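2 protein chains.
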Amino acid sequence: MRLEIIGLKLPEVTQEIDLLDAIVSAAEKQAGGLRRDDVLVITSKIISKARGYIFSIKELEEKASGRAKRLAKYTRKPVWLVEGILRVSRRIVAAIPLTSIVDVEEFAEKYGAKRENVLELLEKDPCVLVTAMPDGRLATDAGIDSSNVPPGFACYPPLDPDKEARRIALEIRKRTGKDVAVIIVDTEASLTKIGSVDVAIGCSGIDPVDRCFGELDLYGKPKYGGIDLVADEIACAAALLIKQAAQGVPVVVIRGLKYKKTYSVGVKDIYIPRKTLRKGILKTFLATAKLKLLRLI
Amino acid sequence: MRLEIIGLKLPEVTQEIDLLDAIVSAAEKQAGGLRRDDVLVITSKIISKARGYIFSIKELEEKASGRAKRLAKYTRKPVWLVEGILRVSRRIVAAIPLTSIVDVEEFAEKYGAKRENVLELLEKDPCVLVTAMPDGRLATDAGIDSSNVPPGFACYPPLDPDKEARRIALEIRKRTGKDVAVIIVDTEASLTKIGSVDVAIGCSGIDPVDRCFGELDLYGKPKYGGIDLVADEIACAAALLIKQAAQGVPVVVIRGLKYKKTYSVGVKDIYIPRKTLRKGILKTFLATAKLKLLRLI
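Heads up: the sequence lines are chains A and B, in that order.
With the numbering used here applied, the first sequence has no gaps in its numbers, which climb one by one up to 771 at the end.
With the numbering used here applied, the second sequence has no gaps in its numbers, which climb one by one up to 771 at the end.
Some clues are possibly wrong.
Copies of the same chain look alike in the list, so a pair counts if it works inside one copy or between any two.
With a cut-off of at most 27 Å between alpha-carbon atoms, the simulated DSS-like pairs for lysine-lysine come out as follows [to be verified]: (1) Lys503 x Lys537; (2) Lys766 x Lys648; (3) Lys483 x Lys766; (4) Lys742 x Lys732; (5) Lys637 x Lys735; (6) Lys584 x Lys757; (7) Lys537 x Lys749; (8) Lys753 x Lys766; (9) Lys652 x Lys503; (10) Lys766 x Lys749.
Since the hints were derived computationally from the structure, they do not count as laboratory data.
Remember, predicted model here, so these are calculated numbers, not experimental data.
Based on the sequences and whatever the hints tell you, model everything.
Now the structure itself:
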């Protein structure tokens with residue numbers, strides 16, 4: 475039982491190049507060509523760069539709304555970033571004042587590539603905004619990111635990544651005759667560990683989740699669980715080669731994986747709906763408080 | 475740039491077999507032997523089975539404390555499970571009344587292998603307890619799990635998984651002369667999507683996290699981010715072959731990965747400390763409330 479994970483190096487992606495051509499030709503040279511049932515993992519970053527989902531930082535600064543300016547003042551975030559967040563997100567749901575929660579010096583020491591860089595980055599942007607995106611996903615700072623984008627610019631993620639994945643899968647089939655599954659990934663903060671993992675934000679041709687709650691185990695008993703978030707697991711597997719800085723590997727081919735094909739489900743269908751999330755937080759708070767009052771926990 | 479992910483099928487693991495022997499010999503037959511710098515991913519489940527981290531459900535039921543009985547009554551969870559949770563966790567931090575949050579019929583329809591199984595499982599155990607484990611990790615139901623364990627028994631996870639990983643790495647080196655990294659994984663619920671992913675709960679010989687915040691990007695700019703949770707990404711990559719039910723693949727070899735070796739850091743060192751988590755929730759709540767009052771979000 476084997477999988478192969480193949481990272482594809484791509485030339486610098488801009489709006490001027492044909493991204494699909496670049497991927498197909500990189501796959502030819504570096505992975506012996508795309509094969510049927512390969513899973514093609516693509517970072518949202520290069521889709522943004524290829525499709526022009528890019529802000530000029532100067533333009534955002536100059537055209538910032540009054541609300542963006544006030545919000546920037548209160549959060550101490552750069553005005554351009556707040557303006558960008560307001561433009562692409564559906565709404566802001568929370569503000570995490572990072573530097574007043576973690577010990578910045580200790581953080582820089584432990585997790586920084588270079589201490590001064592960390593201190594400067596956190597000084598310039600000390601608060602993370604949690605945003606609801608048009609597809610229902612929660613993202614930090616609306617997924618706006620200026621790394622690996624030319625100086626003076628920042629990119630925002632595709633706003634309908636499932637659709638973007640579908641478009642790419644169709645285009646690949648047209649150009650190569652091969653049916654591949656496509657997963658679009660982005661990097662998001664973890665809530666339990668200090669750091670981030672890659673997550674699936676869009677997919678096509680693959681069911682992003684195993685629907686096996688209650689499946690029989692080795693002993694024939696129905697098991698509690700079995701809802702594997704396959705697309706997220708694939709995103710993480712690919713992240714092992716993508717890395718985040720200057721490696722230049724924005725596309726990964728996963729070969730040999732058995733997966734359930736479907737064209738009718740996207741990543742957006744498996745987010746916990748915000749209504750459920752709110753209800754969940756409230757009911758969990760109440761149930762927990764009750765058990766505490768009863769001195770049972 | 476390539477990784478290979480090789481799933482190892484193992485015979486049924488019990489306390490009577492030598493787990494390390496079984497792994498080494500499976501690797502010889504199925505992966506051409508372990509090689510230097512392979513990453514060996516092992517499910518916490520088979521460690522529990524091999525080491526006897528196993529409860530008799532009947533014994534738990536019979537010896538349940540008064541507190542366990544009352545807690546079981548209020549949460550409608552099985553008494554044996556609550557007794558087990560109280561025995562292995564450091565404390566219970568929250569109760570999630572699952573069936574009063576999700577629409578059970580819809581859930582069974584969408585995510586169930588078989589509708590009746592789902593309804594029965596949720597009827598028997600409608601509330602998930604979030605527990606703090608001795609190593610600082612948060613787990614659901616203290617990681618106690620009866621699937622893939624003989625009927626009448628349930629297993630609990632290793633309570634010091636970093637130490638367990640170290641022991642295995644040393645033992646592998648002794649038996650094969652090879653230095654491999656070891657990661658112990660368990661399945662945990664996602665907080666944003668409906669489903670679960672595998673996470674690293676213990677490691678040895680590998681830094682579980684990239685410490686690259688502020689590293690330079692393609693354009694030489696220091697980037698915001700770069701703290702990849704490598705061990706968790708590896709856990710997810712392995713999960714693509716491990717699956718959860720009757721596949722019988724509890725060990726995975728990741729071959730070809732470049733990683734930072736260390737013996738001084740474990741997974742327990744990268745959990746967000748509970749104090750920070752509490753402070754984070756409080757400060758986030760206050761900052762968010764302030765922005766809402768100001769009508770900025």
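Violated hints, by number in ascending order, as checked against the structure
1, 2, 3, 7
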